[in-house]
Amino acid sequence: MTTLTQRLGIDHPIIQAPMAGTSTAQLAAQVSNAGGLGSIAIAAVDASTGQRMIAETRALTSRPFNVNVFCHQPSPANAGVEQAWIKHLTPYFAEFGAAAPTALKDIYSSFCSNDEQLQVLLAERPAVVSFHLGLPPQSRIDALKAAGITLFASATTLEEGLLVQEAGIDVVVAQGIEAGGHRGVFNPEQDQAIGTTALVRLLATHTRLPVVAAGGIMDGAGIASVMALGASAAQLGTAFVLCPESAANAGYRSMLGSDRAQSTQVTTVISGRPARGMVNRFMREVGAAGHPAVPGFGIGYDAGKQLIAAAAAAGNLEFAAYWAGQGAALARALPAAELFALLVKEYQSVLKDG
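Numbering-wise (our numbering), the sequence shown opens with residue 494 and increments by one.
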């Protein structure tokens, strides 16, 4: 056990990443019940749905779990950029027999200004709340800490890690460039693309915070590696996507279980924010060199999700957001509890042999 596992009341230094849209109460509960820290994300749902998700998870486990929120700066509307993007996507909508949208809206609220989300967290008081894509106002951090909630925040650079520390956050999540899904970078225009190994060492050396390593970790050997670098725990996301308890659909599972998992890429064209996923036509063609500016996060994702839905309705799976990290080809299709037990066994085997 580490100081962090003792603080959290978990048995093993393994955290299941929140993965908005893919994590479920069932998945989080299985991981927590097995002795890790399960996670759900309420970032992409309204406050009442988020409250139900927390209640559902709590009904399935008495152990600690993490609730994740997005703390991005809302994207300003820009009609010119949005119309140019719609025009760029129109041929693809036409390919699938669908009309392109005439206007776009911001489909994601930010915890930075979502008072209802704050009230849900203060009322439910989960053991852990984690921030992604930035930090909320200090008053919200202080309110959650006063409620006895342990706070995590993602950082992709040392500078961000120091901001996390200064804000009084309890734990920093070192998200390397290898990680699947949305980059936690505070300012998407200034992504240093630091790998997990270097980032863990930077944060472990230059901050006082416990460090959770995230990005490219898929098995016990990976967990042992980041722990040796100074991490207090490892966070795995893509490793859990093929678990039957995840919300991944058949297409996602098929892609992740195929040779396509060998190729991932960071793109902004699907959501308007840098995110790593398995390479498909959306990335290759919509994101080909010379494409117009992508509307900001939330607004860009409105267009992306509509195109994904149009393609899916036409039976085409080449436009979905198959978020996955660089270790995706190591994913294993096992029930969550079985996978977790295997991760622990692999990790302990490395420690024993070492």
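Careful: at least some of the hints might be erroneous.
Claimed, not checked - Listed below are the simulated EDC-like cross-link pairs for lysine to aspartate or glutamate, each with C-alpha atoms no more than 16 Å apart in a straight line:
no. : residue 1 : residue 2
1   : Lys638    : Glu652
2   : Lys580    : Asp712
3   : Lys598    : Glu778
4   : Lys798    : Glu617
5   : Lys838    : Asp599
6   : Lys580    : Glu778
7   : Lys798    : Glu831
8   : Lys838    : Asp712
9   : Lys845    : Glu831
10  : Lys638    : Asp599
As the list claims (entries may be wrong) - Pairwise CB distance ranges (calculated):
no. : residue 1 : residue 2 : range
11  : Pro785    : Val759    : 35 to 43 Å
12  : Thr495    : Asp846    : 42 to 50 Å
13  : Lys838    : Ala782    : 33 to 41 Å
14  : Gly808    : Asp608    : 24 to 32 Å
15  : Lys845    : His784    : 44 to 52 Å
16  : Ser541    : Thr595    : 28 to 36 Å
17  : Asp846    : Ala826    : 21 to 29 Å
18  : Gln499    : Asp608    : 30 to 38 Å
19  : Pro737    : Thr595    : 16 to 24 Å
20  : Gly514    : Ser751    : 40 to 48 Å
Just so you know, the hints here were simulated from the structure itself, not pulled from any lab data. Cβ atoms here follow ideal geometry from the backbone N, Cα and C, with glycine treated the same way.
Results for each hint:
1. Lys638 x Glu652: violated, 22 Å
2. Lys580 x Asp712: Given that 16 Å is the threshold and the Cα spacing comes to 43 Å, the pair is violated.
3. Lys598 x Glu778: violated, 23 Å
4. Lys798 x Glu617: violated, 30 Å
5. Lys838 x Asp599: Cα-Cα ~44 Å, so violated.
6. Lys580 x Glu778: holds, 14 Å
7. Lys798 x Glu831: Violated, because 33 Å separates the two Cα atoms, which is more than 16 Å.
8. Lys838 x Asp712: Within the cut-off at roughly 10 Å; holds.
9. Lys845 x Glu831: violated, 21 Å
10. Lys638 x Asp599: violated, 29 Å
11. Pro785 x Val759: 35 to 43 Å: About 19 Å separates the Cβ atoms of Pro785 and Val759, which means 35 to 43 Å is violated.
12. Thr495 x Asp846: 42 to 50 Å: Once the Cβ atoms are compared, 20 Å apart, the range 42 to 50 Å for Asp846 and Thr495 is violated.
13. Lys838 x Ala782: 33 to 41 Å: Once the Cβ atoms are compared, 46 Å apart, the range 33 to 41 Å for Ala782 and Lys838 is violated.
14. Gly808 x Asp608: 24 to 32 Å: The hinted range 24 to 32 Å is violated for Gly808 and Asp608, with Cβ atoms some 42 Å apart.
15. Lys845 x His784: 44 to 52 Å: The hinted range 44 to 52 Å holds for Lys845 and His784, with Cβ atoms some 51 Å apart.
16. Ser541 x Thr595: 28 to 36 Å: holds, 29 Å
17. Asp846 x Ala826: 21 to 29 Å: holds, 27 Å
18. Gln499 x Asp608: 30 to 38 Å: holds, 34 Å
19. Pro737 x Thr595: 16 to 24 Å: violated, 40 Å
20. Gly514 x Ser751: 40 to 48 Å: violated, 21 Å
In this structure, the earlier hints numbered 1, 2, 3, 4, 5, 7, 9, 10, 11, 12, 13, 14, 19 and 20 are contradicted, and the remaining ones agree with it.
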